[in-house]
Amino acid sequence: MITATNLTKVYNGTKVLNIEHLDIPTGQSLGLVGNNGAGKTTFFSMLLDLIQPTTGNIFNHEITVSQNEEWKEFTSSFIDESFLIGYLTPEEYFYFIGDLRKQNKADVDTLLSTFEDFFHGEILGKRKYLRDLSKGNQKKVGIVAALIGSPKVIILDEPFANLDPTTQIRLKKIIKDLTAQKETTILISSHDLIHITEVCERIVVLDKGDLVKDLMTSTATLDELETYFSKDLTLKEQA
Amino acid sequence: MFKRLFSLEWKSFFRSASLGKSIGLKILMGFLGLYFTAAFLMFGIGLYPLIIEYFPGEEPLYLVNRFVLAWLVLELAYRFLLQNLPIMDIKPLMLLPINKRKVVNFVLLKSLYSFFNFLPLLIIIPFGIYNIYKQTFSTATILAWMVAMIGLTLSVNFANFIIKKNFTDNIKALIPVVASIAVIAGLDYFKIFESSVWFGKGLNLILEFPFLALIPILIVIVFYKWNQKDLESKFYLDATLKDEVKDANTNEFLWTRRFGELAPYLQLDLKMIWRNKRPKTTVYISILFLAYGLIFYGNDAYQDMPAFFIFVGIFITGIFMINFGQFIPAWDAGYYPLIMAQNIPLKKYLTAKAGLITFSVVVLAILSTPYLYYGWKIFLINMICAVYNIGVNIPILLYAGSFNRKKIDLDKSPFMNYQGMGATQWIVGLPLMLMPLLIFWIINKFISFESALSVLFVLGLVGLILRNRAINFIAQRYNRQKYAMIEGFKQSGE
Numbered sequence: 001m002i003t004a005t006n007l008t009k010v011y012n013g014t015k016v017l018n019i020e021h022l023d024i025p026t027g028q029s030l031g032l033v034g035n036n037g038a039g040k041t042t043f044f045s046m047l048l049d050l051i052q053p054t055t056g057n058i059f060n061h062e063i064t065v066s067q068n069e070e071w072k073e074f075t076s077s078f079i080d081e082s083f084l085i086g087y088l089t090p091e092e093y094f095y096f097i098g099d100l101r102k103q104n105k106a107d108v109d110t111l112l113s114t115f116e117d118f119f120h121g122e123i124l125g126k127r128k129y130l131r132d133l134s135k136g137n138q139k140k141v142g143i144v145a146a147l148i149g150s151p152k153v154i155i156l157d158e159p160f161a162n163l164d165p166t167t168q169i170r171l172k173k174i175i176k177d178l179t180a181q182k183e184t185t186i187l188i189s190s191h192d193l194i195h196i197t198e199v200c201e202r203i204v205v206l207d208k209g210d211l212v213k214d215l216m217t218s219t220a221t222l223d224e225l226e227t228y229f230s231k232d233l234t235l236k237e238q239a
Numbered sequence: 001m002f003k004r005l006f007s008l009e010w011k012s013f014f015r016s017a018s019l020g021k022s023i024g025l026k027i028l029m030g031f032l033g034l035y036f037t038a039a040f041l042m043f044g045i046g047l048y049p050l051i052i053e054y055f056p057g058e059e060p061l062y063l064v065n066r067f068v069l070a071w072l073v074l075e076l077a078y079r080f081l082l083q084n085l086p087i088m089d090i091k092p093l094m095l096l097p098i099n100k101r102k103v104v105n106f107v108l109l110k111s112l113y114s115f116f117n118f119l120p121l122l123i124i125i126p127f128g129i130y131n132i133y134k135q136t137f138s139t140a141t142i143l144a145w146m147v148a149m150i151g152l153t154l155s156v157n158f159a160n161f162i163i164k165k166n167f168t169d170n171i172k173a174l175i176p177v178v179a180s181i182a183v184i185a186g187l188d189y190f191k192i193f194e195s196s197v198w199f200g201k202g203l204n205l206i207l208e209f210p211f212l213a214l215i216p217i218l219i220v221i222v223f224y225k226w227n228q229k230d231l232e233s234k235f236y237l238d239a240t241l242k243d244e245v246k247d248a249n250t251n252e253f254l255w256t257r258r259f260g261e262l263a264p265y266l267q268l269d270l271k272m273i274w275r276n277k278r279p280k281t282t283v284y285i286s287i288l289f290l291a292y293g294l295i296f297y298g299n300d301a302y303q304d305m306p307a308f309f310i311f312v313g314i315f316i317t318g319i320f321m322i323n324f325g326q327f328i329p330a331w332d333a334g335y336y337p338l339i340m341a342q343n344i345p346l347k348k349y350l351t352a353k354a355g356l357i358t359f360s361v362v363v364l365a366i367l368s369t370p371y372l373y374y375g376w377k378i379f380l381i382n383m384i385c386a387v388y389n390i391g392v393n394i395p396i397l398l399y400a401g402s403f404n405r406k407k408i409d410l411d412k413s414p415f416m417n418y419q420g421m422g423a424t425q426w427i428v429g430l431p432l433m434l435m436p437l438l439i440f441w442i443i444n445k446f447i448s449f450e451s452a453l454s455v456l457f458v459l460g461l462v463g464l465i466l467r468n469r470a471i472n473f474i475a476q477r478y479n480r481q482k483y484a485m486i487e488g489f490k491q492s493g494e
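These protein sequence lines map, in sequence, to chains D and P. Mapping to full-length UniProt numbering: the first sequence position 165 is 165, numbers consecutive. Mapping to full-length UniProt numbering: the second sequence position 219 is 219, numbers consecutive.
Hints in this document: simulated from the structure, not taken from any laboratory. Every residue gets a Cβ at the ideal spot worked out from N, C-alpha and C, and that includes glycine. Nothing false has been slipped in among the hints.
Only part of the chain D face toward chain P is listed, based on derived beta-carbon distances under 8 Å: (1) 52; (2) 84; (3) 99; (4) 100.
Here chain P stands alone, though its shape is the one from the complex (with noise of 0.2 Å):
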């Protein structure tokens, strides 16, 4: 029976919709994949002599020991943030003929196979050999250590799971949990309690007395049985399998009325962006990005470098523009043949999106007035990138946009997430970012500072004052394209 559900997550991986499409992407995880396995790979087979190199004296094993906590910690944060268990496949296979224990543990088996599980492994296995190699410890007692570890990062794998399903609807209840990590952790600090070498001490136990290791082992079973129970009695359609209704949100954005005809539109846009997690988490996105600045800004690195302030004024200001105009309208893809067949005149619908973006370019630019504080030529280069991005950026990303043929779904999180992405994401980045880059560092080279930012500033403006063109013009551009975004937008997929 096991070897047929795999065999169907086997098919449902090959036979994707989107397996050919998405290579490339597939291509850059695959390397993503294998960077961060050759750097934890290099980590733990450096951590050995590294440590006896910087810590003379100190036993290596004792040292890791007590900052295994804390890494336990960042493993769950990571995890927490980027694994889920699929529950969602098993509904099919509710009405089949099989038990509910066996698709329980399927999916919690497969679970194992996650890459974060096989992270850890690359430091404890050569960490081990290493000490097994140096027989400060017996052979017996690193194995058993190491099996220990493996428990524990097991642990951690199934507890995330149950904190996910307790947590994830309501992420204000994580703010005790947060908060008592942060008092725990500020304790360690200050030394006043130091439940990391606490957590050490405890496992150095395991050195004296191997049996021990049996402990974390018992943890994972406990955890595993923890999630059994749960995972059964939620299989049901009207459990986790469903998703829960809530009650709708009926703002009406009335204040756009003032836009007249565009109003309706504007209306749905912000509907669409307040009431679906993915656009809403790139509005917190973009609100986070404003501190980018702090970065560059007082580093003494920068400051010869006006030009790179270029690209950091274009980033502050456009981070919405760029997270949503990329999009665009793969986000309306869900009701794309509405908008077709519905009395929507392409050309409103693209300046509507336009505005509303302009809007964001705005209000960014506002809240980034603060960077006075740097010196009046950032908040210049501040300023005019706005403009900048108002008057080129903006059309260059609407057109992009008829290249688009991937669908979004609305409703998931933006992290680590490549739904929709396409080579034309990856291609309408380079014009964006270095054009105006490029401009101004030819012009501040050979004739001064005030001219370069004057010419970004004038083709802004240019770009602003075409604005009505250049959108008939991508409005015809979208029409000639419609049949295959239609198609494209039809099929589901990653």
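Just chain D, with the same shape it has in the complex (with noise of 0.2 Å):
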């Protein structure tokens, strides 16, 4: 259970970010979904108290993550490539995440085993430093380092984008599989909304900080959410 009660964000005098009050229970996938400059990577580093929230808190399983460390053991994620260690070998840090997860090599190659589809045979073996991958096979390793040690929270900023189609349904898949046991919670942002409706039983909608909407996944969301983000659009063409 994640729960965000007041938070907000100010840089400026200009408030970024605005929620007065999300819960997101245990086992969910909660897609977030905005402009740029909605708030959604503010939120996800305010989650991992990266960033200082102006008010409020978060707490991340009863536990207020600015204040103690110790939702890190359980929650893991990949926001941008600030999170790779550009010097490694992506074997090295999948091993390196390993030893933080307290996974040994063997618990690490078992997990890496059921991603050779995922990785295509472009990042395994290749002695090559992360720092020299293409974008798109970086986030690859960020994401599946996001999942070494069965966390119970995930939270991946704009997995689908600089992926390429077939590797784009795979992490479908993956995200899929994950969140079909309802024991890891799933917190992903896109801007792809095929992709998040598909994978997520929950789309939460920010606009310039603000929740505007809050879905449960069905049939209609697309519909819903490709009506929402034309509305300007819609207006402009009335007018």
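Join the two chains into one complex using the hints; note that each chain is given alone, in its own frame.
Listed below in structure tokens is the structure:
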């Protein structure tokens, strides 16, 4: 269970995030949607205690994230390339994260073997440093590293961006498999409405920091989202 | 078009994120610049009278010509170390409808405005004017000589870029070049074949036939064209503009396993050091600085000042500690959010860093044992300085690290590199070096040498015993500063 209460972030007098209350039950897959500047990454960063909230708090399984570090043991994330260590090879990076999450080499290898498809032969055994991989391949490494050690909470910021179509489809399957057991809470942000409605059971729409929509995904959700995001356009056309 | 390119350059300087922050550094660089300007100018003005005074009977111009070759080699050497052609800046211009040649010319011509081209003028021009004033040679002759000299300097400017492009990736290829220069210098020194004299005679010819000054000008043009061709042919993303992908080094540092929980962090730090240019060079510098003692121990001037040897001891055993420690945790700036969001307790992170530095101090202390040659006192001072470094200076450096807000680019060379430098680095130097020196000096003066050393030793031991507590305290401080540090490390800048 993740709870955000009275959460705001103000930069130079501008409110960039303002969430009065948001509950995310354990095992839920939540999709965060919104245009650029909506506050998606800000929200994730606060959840990871990388940014200090101006007011309010986030509780991750009853732990106040800004006051206690224990949530780190069961929470993993991939936000951007600052979560990768450029001078390591993918294998070394996985083992390093494995060490941090108390997984030995064999555990990590077992997990990695289930992602052979996803890696498409471009990641492992290439003797290349992460900094020399393409953006898409870096992203694959970051996403898989976030799954090491069966975390209870997984946070992925725009995991579909930069991935090729095959990998996008494979990633969707991975996320669906993870959420099927209803044990892992997954938070994903995306600009791709089709992907996100496909993998998430709940969609939250942010607009300039405000929570404007909170939908349980159904067959009508995609239409509703598309209508919402094209409303400016429709208004203009009518005028 | 050129005007527009220059305005881009102007904006990139004044709008860079670091402009305001590093103003103190700019002032320091400004002073250094002024100092060199003044020094060169004084030399330029004083050269003629000095030669008259110390080499009576010699024609100053002939004498100077004999040293020109040596000067050019020296100039090439320091340009090679310090001057860079900023080719990376042209990447964004590739897509725009600007002639390739124009961009290339812009980059090359911009290099003329370098400080390195300005310095030789400070010697050539005053010396030339002095010669004109003396009228041993006609004004036109001297002007031709000045043109030739400026031409030679600029040839070095452009030759440097060619050499750099072909050799920086492969430093070993430089060995034959350096060796042949050494051989030529040796032949010169032992008067077997005096190339500098022959070169000087060549320059003297210009004084006889001023039109020969065209030759250096031609050399400049040839080097310029060469650079131009070279750059144009490499004006593609996959040539020079993209960094070469090297086969990954996969040394696992498995021996760190015995450190249990700290092993992953130590491995990470060791990989960081060995696989990135800047920290790796820091290690080499540390080994070089072991020789620092040679300057002082044998020198009679310092024999009555044992306090000074404390300074040397702290420096020799702690040079890696200082060079590496002052930038903790900025070395990890590129992935600091990962460190903060992953399951990494800050205490372990800091303990691992402290462990790594302790290891370096021990290694340097062992390597410094040959100084026993200069007497047991020196040896004892070094060992006790090592203990003091481990006990007291390491926690001080870690604490100072929480003030670091500036990112470090791991791949840049540390020479003349002030990236990551802030007020912290300057201030922390004081307690690090001066405090032990002061403690020793006072006790040595009023009680005795032995008790002064004992006090330093005890301080080191106490620090070592309290290290756990100190690190707890420092970790709290890192936690409080966390948001500011994440924010600071995100900024790229000088």
